[in-house]
Amino acid sequence: MNFDKELDARGLNCPLPILRAKKALAEVASGQVLKILSTDPGSVKDFAAFAKQTGNELLSTAEAGGEFTFFMKKK
Amino acid sequence: MDTKKMAIIATKGTLDWAYPPFILASTAAALGYETQIFFTFYGLQLVRKDLSVLKVSPLGNPGMPMKMPFGPKWFKSINWNMPNAIQAIIPGYESVATALMKQTIANNGVATIPDLRELCQEAEVKFIACQMTVQLFGFEHSDFIDGLEYGGAATFFEFAGETDICLFI
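As you go down the protein sequences, you meet chains A and B in turn.
Under the working numbering, the first residue of the first sequence is numbered -4, with each subsequent residue one higher.
Under the working numbering, the first residue of the second sequence is numbered 54, with each subsequent residue one higher.
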């Protein structure tokens, strides 16, 4: 999937992946896509909840070998 | 849609209990909440310039696992809890427990309290310190970080009365 910015939040724990994502989203334009890498299992539910509450769109969530990849489109 | 609001009263002054108010406030701010924390009684320690005053005590705290943050896995899984009477007579027990806790925090990619506090301030979480407790505990305003407002219960209610979420921690 195409993306405009990548955030490496691997090794970070709650609530840092969300806080970093919020900051990274502030640096892209509306409609652009942020790719997020995380190793925090809690971030799967957290990014879904974050998207739901902020109006940013979670395009996809994937897991491979304990690593999670999210694509989020800025509102 | 109106902006959602959250108010927290932070009353605990230990390293472990410093986490919930700062985690929730920074996350709420990231979710778009207008957020305020009212620091009162021991919670005032969380807005001191010097955060090294924050310690964690396993004494009288049966819920706290005492595990080592280093060594092989079998060693890390040992729980070193011991009777309160013994904990109480070991000099520096609290400081050692605090150092081990800080190492565990770092090992797990959990943010430090200074970092979380700064993230809250960057996200414009409003900090209010209880003026009554400042006096009661003999603190000076110069003991605390910049950007604090000082007020009392009525100041808290002014904002808390309009919130969607209001927590006592």
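Hints are computed from structural coordinates only; laboratory data are not their basis.
Worth double-checking, as some hints may not be accurate.
Within a straight-line C-alpha distance of at most 20 Å, the following computed SDA-like cross-link-like pairs (lysine to any residue) qualify [said to hold, decoys possible]:
#, chain 1, residue 1, chain 2, residue 2
1, B, Lys57, A, Gly61
2, A, Lys70, B, Ile76
3, A, Lys47, B, Ile218
4, B, Lys126, A, Gly61
5, A, Lys47, B, Thr56
6, B, Lys57, A, Asp41
7, A, Lys18, B, Ile166
8, B, Lys179, B, Leu104
9, A, Lys69, B, Ala176
10, A, Lys18, B, Glu171
11, A, Lys69, B, Trp133
12, A, Lys18, B, Leu84
13, A, Lys18, B, Pro167
14, A, Lys69, B, Thr56
15, A, Lys47, B, Lys58
16, B, Lys58, A, Leu7
17, A, Lys18, B, Val163
18, A, Lys40, B, Ile76
19, B, Lys155, A, Ala46
20, B, Lys57, A, Leu54
21, B, Lys120, B, Glu147
22, A, Lys40, B, Val163
23, A, Lys18, B, Lys179
24, A, Lys47, B, Asp217
25, A, Lys18, B, Gln174
26, A, Lys47, B, Lys57
27, A, Lys47, B, Glu171
28, A, Lys18, B, Ala176
29, A, Lys68, B, Lys58
30, B, Lys102, B, Gly200
31, B, Lys126, A, Gly6
Source: prediction; values computed, not measured.
- Message: Check the hint pairing B/Lys57 with A/Leu54 against an upper bound of 20 Å on the C-alpha distance.
- Response: Violated, at about 25 Å.
- Take the C-alpha atoms of A/Lys18 and B/Ile166, compute the straight-line distance between them, and say whether it is at most 20 Å. Measuring from Cα to Cα gives roughly 19 Å; hence the hint holds.
- Message: Can you confirm whether the C-alpha distance between A/Lys40 and B/Val163 stays at or below 20 Å?
- Response: 18 Å, holds
- Is it true that the CA of A/Lys47 sits at most 20 Å from the CA of B/Ile218? Distance ~18 Å between A/Lys47 and B/Ile218 Cα, so the pair holds.
- Task: Take a quick look at whether A/Lys18 and B/Ala176 sit within 20 Å of each other, Cα to Cα.
- Result: 10 Å, holds
- Message: Next pair to validate is B/Lys102 with B/Gly200; report whether the Cα-Cα distance is within 20 Å.
- Response: 11 Å, holds
- Message: Next pair to validate is A/Lys40 with B/Ile76; report whether the Cα-Cα distance is within 20 Å.
- Response: 16 Å, holds
- Query: Is it true that the CA of A/Lys47 sits at most 20 Å from the CA of B/Lys58?
  - Reply: 17 Å, holds
- Below or equal to 20 Å on CA atoms is what counts here, so check A/Lys68 against B/Lys58. With Cα atoms ~25 Å apart, A/Lys68 and B/Lys58 exceed 20 Å; violated.
- Taken at face value, is the distance from the CA of B/Leu104 to the CA of B/Lys179 at most 20 Å? It holds: about 19 Å lies between the C-alpha atoms, which stays within 20 Å.
- Message: Tell me if the straight-line CA distance from A/Lys18 to B/Glu171 falls inside 20 Å.
- Response: 14 Å, holds
- Query: Within 20 Å, alpha carbon to alpha carbon, are B/Lys57 and A/Asp41?
  - Reply: Roughly 18 Å between the alpha carbons, so the hint for B/Lys57 and A/Asp41 holds.
The structure fails to meet hints 1, 2, 11, 16, 19, 20, 27 and 29 from the earlier list, while all remaining hints are met.
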